[in-house]
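Colleague: Going down the list, the sequences are from chains A and B. Take the first sequence: its letter number 328 is residue 328 in our numbering, and every next letter is one higher. Throughout, our numbering is defined as the position within the second sequence, counted from one, plus 460.
Hints are computed from structural coordinates only; laboratory data are not their basis. Some hints here could point you the wrong way.
Unchecked claim - Label-pair restraints from in silico Cβ distances:
| no. | chain 1 | residue 1 | chain 2 | residue 2 | range |
| --- | --- | --- | --- | --- | --- |
| 1 | A | Asn173 | B | Ala644 | 50 to 60 Å |
| 2 | B | Ser799 | A | Thr219 | 37 to 47 Å |
| 3 | B | Asp765 | A | Glu110 | 32 to 42 Å |
| 4 | B | Ser799 | A | His358 | 19 to 29 Å |
| 5 | B | Asp765 | A | Glu389 | 41 to 51 Å |
| 6 | A | Gln33 | B | Gln843 | 39 to 49 Å |
| 7 | B | Thr635 | A | Pro117 | 46 to 56 Å |
| 8 | B | Ala804 | A | Asp65 | 44 to 54 Å |
| 9 | A | Glu30 | B | His697 | 42 to 52 Å |
| 10 | A | Gly63 | B | Thr890 | 25 to 35 Å |
| 11 | A | Thr219 | B | Ala644 | 45 to 55 Å |
| 12 | A | Arg34 | B | Pro844 | 24 to 34 Å |
Values in this document were obtained by computation on a predicted structure and should not be read as measured data. Even glycine gets a Cβ: it sits at the ideal position worked out from N, Cα and C.
2 protein chains.
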Amino acid sequence: MGATDRMHMVNSFDPHAGVNLGQRASALIERRQRVLGAPYRLFYERPVEVSRGEGALLFDPDGADYLDAYNNVPVVGHANARVRAAVSDQLGRVNTHTRYLTDEIVDYSERLVSLFPDHLEQVVFACTGSEAVDLALRIAAHVTGGSGIVITANAYHGTTQASAAVSPSLGPNNTLPSHVATVAAPDPLRDPADDGTAAALFAQRVEEAIRQLESRGVTFSALIVDSVLSSDGLVTHPTGVLGPAVDVARRHGGLYIADEVQPGFGRLGSTWWGFTRHSVAPDLVVLGKPMGNGLPISAVVGRRDLMEAFGRDVRYFNTFGGTPVSIAAATAVLDEIESRDLRANAASVGAALREGLHDISDRDPRLGQARGEGLFLGVEFVQPADTDEHLPDARLANRVVNGLREKRVLVSASGRYENVLKIRPPLVFTRAHADRLLTALDEVLTETSSSGGETSGHHR
Amino acid sequence: MGATDRMHMVNSFDPHAGVNLGQRASALIERRQRVLGAPYRLFYERPVEVSRGEGALLFDPDGADYLDAYNNVPVVGHANARVRAAVSDQLGRVNTHTRYLTDEIVDYSERLVSLFPDHLEQVVFACTGSEAVDLALRIAAHVTGGSGIVITANAYHGTTQASAAVSPSLGPNNTLPSHVATVAAPDPLRDPADDGTAAALFAQRVEEAIRQLESRGVTFSALIVDSVLSSDGLVTHPTGVLGPAVDVARRHGGLYIADEVQPGFGRLGSTWWGFTRHSVAPDLVVLGKPMGNGLPISAVVGRRDLMEAFGRDVRYFNTFGGTPVSIAAATAVLDEIESRDLRANAASVGAALREGLHDISDRDPRLGQARGEGLFLGVEFVQPADTDEHLPDARLANRVVNGLREKRVLVSASGRYENVLKIRPPLVFTRAHADRLLTALDEVLTETSSSGGETSGHHR
Numbered sequence: 001m002g003a004t005d006r007m008h009m010v011n012s013f014d015p016h017a018g019v020n021l022g023q024r025a026s027a028l029i030e031r032r033q034r035v036l037g038a039p040y041r042l043f044y045e046r047p048v049e050v051s052r053g054e055g056a057l058l059f060d061p062d063g064a065d066y067l068d069a070y071n072n073v074p075v076v077g078h079a080n081a082r083v084r085a086a087v088s089d090q091l092g093r094v095n096t097h098t099r100y101l102t103d104e105i106v107d108y109s110e111r112l113v114s115l116f117p118d119h120l121e122q123v124v125f126a127c128t129g130s131e132a133v134d135l136a137l138r139i140a141a142h143v144t145g146g147s148g149i150v151i152t153a154n155a156y157h158g159t160t161q162a163s164a165a166v167s168p169s170l171g172p173n174n175t176l177p178s179h180v181a182t183v184a185a186p187d188p189l190r191d192p193a194d195d196g197t198a199a200a201l202f203a204q205r206v207e208e209a210i211r212q213l214e215s216r217g218v219t220f221s222a223l224i225v226d227s228v229l230s231s232d233g234l235v236t237h238p239t240g241v242l243g244p245a246v247d248v249a250r251r252h253g254g255l256y257i258a259d260e261v262q263p264g265f266g267r268l269g270s271t272w273w274g275f276t277r278h279s280v281a282p283d284l285v286v287l288g289k290p291m292g293n294g295l296p297i298s299a300v301v302g303r304r305d306l307m308e309a310f311g312r313d314v315r316y317f318n319t320f321g322g323t324p325v326s327i328a329a330a331t332a333v334l335d336e337i338e339s340r341d342l343r344a345n346a347a348s349v350g351a352a353l354r355e356g357l358h359d360i361s362d363r364d365p366r367l368g369q370a371r372g373e374g375l376f377l378g379v380e381f382v383q384p385a386d387t388d389e390h391l392p393d394a395r396l397a398n399r400v401v402n403g404l405r406e407k408r409v410l411v412s413a414s415g416r417y418e419n420v421l422k423i424r425p426p427l428v429f430t431r432a433h434a435d436r437l438l439t440a441l442d443e444v445l446t447e448t449s450s451s452g453g454e455t456s457g458h459h460r
Numbered sequence: 461m462g463a464t465d466r467m468h469m470v471n472s473f474d475p476h477a478g479v480n481l482g483q484r485a486s487a488l489i490e491r492r493q494r495v496l497g498a499p500y501r502l503f504y505e506r507p508v509e510v511s512r513g514e515g516a517l518l519f520d521p522d523g524a525d526y527l528d529a530y531n532n533v534p535v536v537g538h539a540n541a542r543v544r545a546a547v548s549d550q551l552g553r554v555n556t557h558t559r560y561l562t563d564e565i566v567d568y569s570e571r572l573v574s575l576f577p578d579h580l581e582q583v584v585f586a587c588t589g590s591e592a593v594d595l596a597l598r599i600a601a602h603v604t605g606g607s608g609i610v611i612t613a614n615a616y617h618g619t620t621q622a623s624a625a626v627s628p629s630l631g632p633n634n635t636l637p638s639h640v641a642t643v644a645a646p647d648p649l650r651d652p653a654d655d656g657t658a659a660a661l662f663a664q665r666v667e668e669a670i671r672q673l674e675s676r677g678v679t680f681s682a683l684i685v686d687s688v689l690s691s692d693g694l695v696t697h698p699t700g701v702l703g704p705a706v707d708v709a710r711r712h713g714g715l716y717i718a719d720e721v722q723p724g725f726g727r728l729g730s731t732w733w734g735f736t737r738h739s740v741a742p743d744l745v746v747l748g749k750p751m752g753n754g755l756p757i758s759a760v761v762g763r764r765d766l767m768e769a770f771g772r773d774v775r776y777f778n779t780f781g782g783t784p785v786s787i788a789a790a791t792a793v794l795d796e797i798e799s800r801d802l803r804a805n806a807a808s809v810g811a812a813l814r815e816g817l818h819d820i821s822d823r824d825p826r827l828g829q830a831r832g833e834g835l836f837l838g839v840e841f842v843q844p845a846d847t848d849e850h851l852p853d854a855r856l857a858n859r860v861v862n863g864l865r866e867k868r869v870l871v872s873a874s875g876r877y878e879n880v881l882k883i884r885p886p887l888v889f890t891r892a893h894a895d896r897l898l899t900a901l902d903e904v905l906t907e908t909s910s911s912g913g914e915t916s917g918h919h920r
């Protein structure tokens, strides 16, 4: 780790590592460091230069193709033609804020809420998942009169001050304020095999966290959970695991906010939203990343009574939230998901990919578990041992991430122990793409096996 | 005001006022209320329906043209062809986040910082002004170790939790936390005529506010000021008025953050940025609204040492911040401003418009003052009297705003007393547009004069 880098990040380029990147990339990185500096971290030991994209592929300036198995924002594919046409068309007409009357936002809003359970009837638009989380927390605080938030131990919910305050995965320098309490996420590899026990355990932790807040004099306001616990290492099963915890939150007068920024919009195949799989009813739902295929649009969908209470008392206006251009992009995204049946594609390609990962993990004890749902999959690396300790192997995860990058397959790692391969491609991912990923992973694992302790990884 | 509307907003539509809007608009508003609800307020007693735009004009579905003298977001004009082509072109190539290497963000960043004084060398991108303010406050807190913020009494800086906390103009229900202290803004109509006194008075208030924070046990972190005090009623003169206050902030170990979301990008004609006119050197500058002509892009430009200190210790990553598409829009905006010499246009058309406003105010004592710079102008309405009390007349401001809307000229009102007409058109505003606005204003003033106390205004 570079001397000036006091903050660790999974899968980040270290400008001080002295890796040879070629003249063009080195010169660009140098200019970038000067004007963008420390806040701007690149992925990979050898960063990827991107000049073009198409579907699930990205291309570098030399024309080499990279399989994008990581980015959920271009959910209907890089350089999607329908999104492009919709945005271009609307830019040729008008793009005002929402204090003038326009059709588009009303049409889209009705269509969006129709994808949710009946009790979620209204929507407020913003631009980023962070803004939507920030707003959801404000709504919760307003209607409950409390500020206390319960989150999972390695949660990520955003980068505004209020959303970073509920994002411990941002690292140890991101100190959590006293109105925030954390609970260990369910751990599908290490929890008791009995599903009911995992759910009860999680509910018990939430109860303890609420009591902890109360003992600090903080009134409980909301439990906010990413419906697949992405940054906690991807927990898609058991599906009932959130239910009892939500009941606990309600009993203590708090709301349940479902963060669907990562799982939402059909990624899980079987359902539009992650919370649906848990048979729980959120009070507020936060949407983001894939919503506009890269155009900045996000939203809070919620109960009418909550939205009205907040909207009557507090003035909220987001200049760029729900503008006709962002709505045009979001509409095109729904059109693409529905007309190309991308949820079914996520289900079938995801199942094939997961099967392939299971095959590999059956053969290689370093893969402690392959899991996931639809096109959101994780592979947890552990140190092989005769015991059941499942000791995490973040070093191996990092080597695999960078090994795959050298084979032009893009993924990253996440999780509490940073040892979970994060596979989250655009929903236009095909069987052939899945095969390419599996073949590359097999090769990388063989190579890392033969090279033994030798590694280029510099992370812990 | 409607029974359910417990929160006043300048120039807002009251769905309970029973104004006849025609079947189409009424039906659309009803659907809108159902799915978007209370948080979504429309402008005007009779809302404006918008289906198309071009330059400084907006068109309703019947093809009637409205002169847009209010919106600063479409800075280079509604449906700008260059922005559209740039966005469309980039959407056809690729639109990834900033953790891969791309040229565009580096090229634009270098160009952007070259428009600032030498000591402001680095930039971080976000999507909205709110996010940029939120980030600037986080940077300030991190490098100063304090959380205390001093703002003006009717400031508006954003809608995230942290930026709403420094936005008293959001109304009485937006309670300010104890780490925020307010100062009365300079008042060009009521302050002593001597420029030095106004500056000294403002500095003294800032000093008192910092001491007030210290007495609460809060360490001072930053003074944040909109460089033309837009929501405090538009204060463009005297130009030296901020200097001594900034010195006070520095002496107390705090930063000075210039909020350029409204004045920035050449609106003032003579300078790119509002702070330049005050000969003060900000530590951080916040950019937003016009930056991408409606594409959501914002930024913090700042001192390298501050950015590096924050970036080394705190992980900040904004998924949609600085993506190639938003950068393409922002690049096209700079191209348009420069190639069409829109700053010079803002200066000359703005001067003509201001002169016309002065002519009217010379004739009509209800216009207490017409002021501004470039294409950011304000007209302060007062109750005519023999005294020098300058009693504000918000009711008249509201009648003029709605009267102009009936003549299809769009402006709004703002200021501490809600009595200042806010004229802030796209920079493609022409002399002919200025004449149209002046003629309409003259007519409205004549009409409101003859109708005496009779008014359709329902606001206080």
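Colleague: Now tell me, hint by hint, if it's right for this structure.
Modeller: Tested hints:
no.: 1; hint: A:Asn173 x B:Ala644: 50 to 60 Å; in the structure: 37 Å, violated
no.: 2; hint: B:Ser799 x A:Thr219: 37 to 47 Å; in the structure: 56 Å, violated
no.: 3; hint: B:Asp765 x A:Glu110: 32 to 42 Å; in the structure: 50 Å, violated
no.: 4; hint: B:Ser799 x A:His358: 19 to 29 Å; in the structure: 58 Å, violated
no.: 5; hint: B:Asp765 x A:Glu389: 41 to 51 Å; in the structure: 45 Å, holds
no.: 6; hint: A:Gln33 x B:Gln843: 39 to 49 Å; in the structure: 59 Å, violated
no.: 7; hint: B:Thr635 x A:Pro117: 46 to 56 Å; in the structure: 33 Å, violated
no.: 8; hint: B:Ala804 x A:Asp65: 44 to 54 Å; in the structure: 47 Å, holds
no.: 9; hint: A:Glu30 x B:His697: 42 to 52 Å; in the structure: 44 Å, holds
no.: 10; hint: A:Gly63 x B:Thr890: 25 to 35 Å; in the structure: 47 Å, violated
no.: 11; hint: A:Thr219 x B:Ala644: 45 to 55 Å; in the structure: 34 Å, violated
no.: 12; hint: A:Arg34 x B:Pro844: 24 to 34 Å; in the structure: 58 Å, violated
In the structure shown, a violation is registered for the earlier hints numbered 1, 2, 3, 4, 6, 7, 10, 11 and 12, in ascending order.
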